[in-house]
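Colleague: Required output: the full structure, derived from the provided sequences and hints.
Our numbering applies: residue 41 is where the sequence shown begins, and numbers increase by one.
FYI, nobody ran anything at the bench for these hints, they're computed from the structure.
Everything hinted at is true.
Lysine-lysine pairs mimicking DSBU-like chemistry, simulated, CA-CA at most 35 Å apart:
no.	residue 1	residue 2
1	K415	K62
2	K164	K415
3	K164	K125
4	K164	K47
5	K164	K118
6	K396	K415
7	K98	K150
8	K178	K46
9	K373	K396
10	K373	K62
11	K373	K416
12	K62	K46
13	K47	K118
14	K164	K46
15	K125	K178
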Amino acid sequence: MRSSYKKEDVTMLLKDITGLEKPQPTEERERLIQSGRHYSEMLPVEYVPTQRYMEVYKEALRNFAQPTALAVGRVSDKIIQARGKEVVLVSLARAGIPIGILIKHFIWQKYRLEVPHYAISIIKGRGIDDNAMNYLLKQYQPRQLLFVDGWIGKGAILDELRQAVEAYEGVSPELAVAADPANVTALCGTHEDILIPSSCLNCTVSGLVSRTVLREDIIGPNDFHGAVYYGELADADLSYEFLDAIEQWFPRDVQRKVQQSKTEHSKTEHSKAAQLPSDQLQTEKQQASAAASGYGIDEVRALAEVFGVSELQLIKPGIGETTRVLLRRVPWKVLIDARYRNNPELGHIVRLAEEKQVPIEFYPLRHYKCCGIIKKLAEA
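Modeller: Encoded structure:
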């Protein structure tokens with residue numbers, strides 16, 4: 041599969057279906073999804089950012105590259121501590137790919153380990169790409185594989201992953217992410233709902249690769265799941281600009297972490313957390329607060345009851361998922377916790393909501409800073 045990423049950064053275990061699938065307009069695709077057609081059978085038209093939105097994105101990248109780098113560094117350390125030197129990163133296309141590359145680069149800079157990195161497809165309701173899994177298991181031991189994604193919203197993909205890997209003895213369903221506000225995985229950089237700038241854009245920050253597609257007429261029984269390469273957008277590709285912006289914060293983070301005591305590995309997770317660099321202590325407090333308030337899915341269920349939403353899949357909590365709703369779906373409204381009314385992390389969400397004339401409602405949230413709610417078909 042083609043992409044704008046360097047071959048040494050990621051091996052894409054995907055079938056190139058460029059020219060075989062025509063993207064659907066957002067409104068039509070939403071109607072088809074809500075009438076029963078699976079989302080993986082059709083691609084959305086990629087949102088073309090306005091000049092103003094791109095200015096908001098670039099500002100977000102400047103302001104939030106450092107916390108993203110810290111989250112990547114922290115989860116990378118956890119990965120090495122938990123899985124050792126023989127780990128193989130398996131990113132879930134496509135949001136997992138840039139985070140997987142960042143983890144790979146961080147591990148090289150700090151530990152001088154060249155860890156293999158692959159990208160495969162997993163689709164809600166359809167499962168993981170079995171052909172890609174079989175390919176990996178011919179080359180590596182099951183215990184080596186570690187799945188990577190960008191962030192967790194309410195945990196639907198993690199649930200899908202847990203079910204899918206039951207068929208593969210010895211493969212862990214553990215998922216490593218930069219941010220987990222849902223509080224469902226230990227392998228995360230933070231439990232805070234942070235802005236990961238790559239969530240603001242589509243293929244132009246993901247190697248010019250589309251979302252993955254699984255449709256019988258174009259994906260055969262021996263094929264990997266498919267994706268489209270948007271080569272025509274090469275001039276607008278920001279994939280490495282994003283990576284470089286995050287990685288510029290790695291050296292100082294590595295320098296701090298290398299100075300930590302060599303006895304850290306023999307201590308408990310609690311004592312390890314106590315030794316974190318001072319600029320991560322606030323994040324740790326927020327993580328503890330999130331853990332004390334239950335799981336994100338509990339909050340989603342409560343929101344569904346309050347706002348009369350009958351299907352949980354129409355509620356997309358967190359910065360990353362709210363952004364996706366605005367970019368790819370037909371939103372009903374966006375909820376923002378009033379504490380973050382003027383938070384620059386949400387600047388791109390406010391801008392998108394204004395452009396698409398989506399109402400914003402201020403509503404108290406526990407795990408998340410914002411939440412997108414998709415419009416029900418009858419209202420679309």
